[in-house]
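Asks: Spelled out, the chains give:
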Amino acid sequence: MAGKTLYDKLWDTHLVRQQEAGSGLIYIDLHLLHEVTSPQAFEGLRTAGRTPWRISGNLATPDHNVPTTLQERLTGVEGIADPVSRIQIETLDDNCSRFGIVEFKMNDPRQGIVHVVGPEQGATLPGMTVVCGDSHTSTHGAFGALAHGIGTSEVEHVLATQCLITNKMKNMLVRVDGRLSPGVTAKDVVLAIIGKIGTAGGTGYAIEFGGEVVRNLSMEGRMTICNMAIEAGARAGMVAVDQTTIDYVEGRPFAPGREHWQQAVESWERFVSDNDAVFDQRVILDGSAVIPQVTWGTSPEMVLPVDGNVPDPTEEPDATRRQSIEHALAYMGLSANQPITDILLDRVFIGSCTNARIEDLREAAAVVKGCKVASTVKQALVVPGSGLVKAQAEKEGLHMVFRDAGFEWREPGCSMCLAMNADKLGQGEHCASTSNRNFEGRQGFHGRTHLVSPLMAAAAAIEGHFVDVRTLMSQL
Amino acid sequence: MRKFVQHSGVVVPLDRANVDTDMIIPKQFLKSIKRSGFGPNLFDEYRYLDEGEVGQDCSLRPLNTEFVLNQSRYKGCSILLARENFGCGSSREHAPWALDDFGVKVIIASSYAEIFYNNCLKNGLLPIVLQDEQLDKLFEEVAAEEGYQLNIDLKNQQIIKPGGEQLEFEIDGFRKHCLLHGLDDISLTLQYSEAIKSYEARREQEAPWLFEERR
Ligand code: SF4
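If you're matching them up, the sequences are chains D and Y in order. My numbering puts the first residue of the first sequence at 1, with every later residue one more than the last. My numbering puts the first residue of the second sequence at 1001, with every later residue one more than the last.
Isolated chain Y, as found in the complex:
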């Protein structure tokens, strides 16, 4: 996994609650068997006025100029400001893949759907939780200043505003450790192969039917 230590970038505001994974990446793009290339179709039904198809050249499609991602003041944005229950809906990891491919590395919202939250962390994306009041203020500040940037410091769990003001955020210690060092979960777990094997041996005694071959 890619490391995440620190990140600064332009903030883009998406002022909507319950942004679901169908919005983030519509299902037709889930047909890909790859992990990359989803960026042009991030928020497809909002960014473009037509219906998106797999494998199409998106540069030729009519843009919805009202949608934030198409506004020049947010060009090059990499920090997404959102509202509660962000990423609800399906388990599709294509959602964080699409955000990442587009260039979003940090999301700030008041809450997330759990599967989405986990999926971000497994891809080196940082989902930050802030209180509603803190978010309201950020939305105001982003609206007031073109090119508004934030600096995210994972080590110290801080968001640093342009004027130097700092906001603290929480993150699970294990997840933070994995992000900071870019650790791969599978190799970590395989260090405990013996524990898994002894669990299996014990369990097979208790519940032998769980270990029968299915045919």
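Chain D on its own, in the form it takes in the complex:
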């Protein structure tokens, strides 16, 4: 019999019951909650007279709507200027306190983007199942966990039963060989993967990321890659457990204590694909050939190396694709064949669950140090992924590096990644963003998003247009 993939093992470990017609009832170890997708689920629970199945299986924090200016944060939830956002955050607070669910409230130093907070606290552990009413839950797969987003009805189902009804996905291996050159990051790798397989390339699959490049990445880099698995259409992305994983988890607040540590580590080590495991599909990428990536269009698959030129729709034979390119060029205000490095930027955003961890901020700060944000850039924002990331960055003096260069240093939250709070693009503005989605209107009404790595965003802020960060780094 063929061996098992990491995903097969995670599935088997959590299968409570094989249902009729192929679906499985899967046990959920960790359910993360935030303010946007949970209120209707709690309401449904209450209306039906139900209570959560296992309170300790849940962890909550507000992130999407929280203001990111210190002034607005200082006055607490009551001080949130937008009344609709305030109600949503108050509703999360009320629901969590009513049911006794652990919540890192808005001004708790541990608050932050839910996908930054889970791993940082050691709440996300290898071998777990993790779900959240948020598609970027795939991030947690970096720990050798099965993690994916769910809708609000499923949030209610998980609250009520600690289980999820789901179909087993197919297995895909994405192997990234070789070594990354300096200035090329996990973000560039995942953008290159999406460019190669497309935004629907992973639909129906759980993707395992492997190969020398992935093995050599830190946990934070692995999280960046898994975070964007959903942008390749795969609900779940994952990386096998190794020493890097275990070292990262050790000593975190919610990680197993000394009495269980050894037992836990032994059980985690088997969360790797067997050598003879069969994948339904394999994709191989040469990591050494990847150079910094920039999206030019309105879907993450519309991505090019920084030395590329925006596509010319007249050269596209397929009618639907041609139409998509024309549409995207018009929306983005770009012309066919225009060099990527000619794109001028109005705003720069360093943040989001993709790239707002301490290593991201360190990398960006190293580029920014001693430079100034270009005068043509209206706003450059750094929004740390959590209160603890912010505190660490301040300890290292990174906030001063950013401030001296002309960046704004903000309080943690989702911020301009989806612009639910006051941080947003104006009409027609171009933004170099370290987030994960460049959909129309994502960062503001008629705003234009270009997805890049933190290094590339920092370089773009200084130059006012896209530049290959490696040319700046060689001058350092």
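For the record, the hints were derived by calculation from the structure and aren't laboratory data. Just so it is clear, the structure is predicted and the values come from calculations on it, not from any experiment. Beta carbons are placed, not taken as given, at the ideal position from N, Cα and C, and that holds for glycine. Fair warning: there could be bad hints in the mix.
Some chain Y residues judged to face chain D by a derived CB distance under 7 Å, without partners named [to be verified]: (1) 1026; (2) 1031; (3) 1033; (4) 1049; (5) 1051; (6) 1053; (7) 1069; (8) 1093; (9) 1110; (10) 1145; (11) 1199; (12) 1208.
Position chain Y with the ligand relative to chain D; hints supplied.
Replies: Frame of chain D; chain Y with the ligand shown alone:
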């Protein structure tokens, strides 16, 4: 959940690939803590020329008359014809809620993002998958005939065209059963409470750290 057995209605064509959930319902409307009332803001950035705000009276807003949903020939439409990877992007269930609230009960496309697909089924909406060639033909037929209607028969997994031609479609047996009977997943799962409890007991032995209280 509302039952879905059969549905006939006017078809509206949205000839674009990769229609994402930000397009279906922009984020500012996600601030609501309700499940209903999203219909007027379905495809907000396409239906209106101005920037939509929460709680606004949409009847006073300038319409984008070029957008299909604003064209009188598709008035009262309830079947949305779309292209590949429909509903990609976020997990927001507000997307199917908005479609439903607007009146769309059936979507026909060549593929869907998975979370969106599941979310539809949990709300009594039927997402149907057809081949590209079948879709191309439907797009042509809709364009050719004002008020073009389809009849959807879930029990027999068929789409019946105005001339009587039938197209078959696939759907997972469990999901079909839930839709036909309007079954609520949670009550179904709670029938297996004992299985969940015995799983937990076994798992707590194997991996006790998973059951420690977080503080
Ligand atoms: S940072 Fe962006 S992508 Fe991540 S959870 Fe927040 S809104 Fe979603």
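Asks: Output the numbers, in ascending order, of every earlier hint that fails for this structure.
Replies: 4, 6, 7, 9, 10
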